[in-house]
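With the hints as constraints, model all of the structure from the sequences given.
Numbered per the working numbering, the sequence shown spans residues 5 to 131.
Bear in mind the hints are in silico, worked out from the structure with no lab data behind them. Possibly wrong hints are sitting among the right ones.
Simulated pairs of lysine-lysine, DSSO-like, Cα-Cα distance not exceeding 30 Å [said to hold, decoys possible]: (1) K15 x K37; (2) K128 x K13; (3) K111 x K128; (4) K37 x K13.
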Amino acid sequence: MVMNIGRLKGKDFRHVGKEIRSVVEVAQGRIVKVIIETCLLTEDEKRAAAHIVVESGAHFVKTSTGFSREGARIQDVRMLRKIVGPDFGVKASGGIRDYDSAVRFIKAGADRLGTSAGVKIVQKTLR
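Quick look at the structure:
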C-alpha cells in the first residue's frame with residue numbers, strides 16, 4: 005500500500021497509522037509493505053513514517069513506487085534500516101538498474117529490491 009502522504013505531511017499521524025492498521029487487519033497475516041515515497045518527504049517526515057509503519061503491524065517499509073521524482077536513495081535505506089531495526093523489512097525500489105547499485109542497496113540494509121532490471125542484475129552474478 006502507499007502511505008497517505010497528505011495526512012503524513014499534515015502531521016495527522018494517528019490517521020495514517022489507523023489506515024495502515026486497517027490494511028494489515030484485512031490482509032489477515034499476509035505480508036504488507038508500506039510505500040512511503042521518500043523523495044516527497046523531509047528527513048523528519050521519513051523518520052515519522054518509518055515509526056508509524058513499524059507500530060502499525062506492517063512487515064516492510066518501501067522507499068518508493070518508482071513513479072515519482074526519484075527512486076531509492078542509499079542514505080534513505082540506511083536511515084530506514086536504523087529506525088526499523090534488523091528484524092523489519094526494508095525494500096528499496098526505483099532506479100536500481102545494475103548489479104553494482106543492487107549490491108550497494110543490499111549493503112545499506114535493503115532486504116528486497118524493486119527493479120525492472122532483475123534479469124540484467126542476475127546475469128551479472130552468473131558471469
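Evaluated hints:
1. As the CA atoms of K15 and K37 are separated by approximately 21 Å, the hinted pair is consistent with the 30 Å bound.
2. The suggested pairing of K128 with K13 is violated, with an alpha-carbon distance near 40 Å, which exceeds 30 Å.
3. Of the supplied pair hints, the one linking K111 and K128 holds, its CA atoms being roughly 17 Å apart against a limit of 30 Å.
4. Taking the CA atoms of K37 and K13, the gap is about 20 Å. The hint holds against a cut of 30 Å.
Checked against the numbered hints given earlier, the structure breaks only hint 2 and satisfies all the rest.
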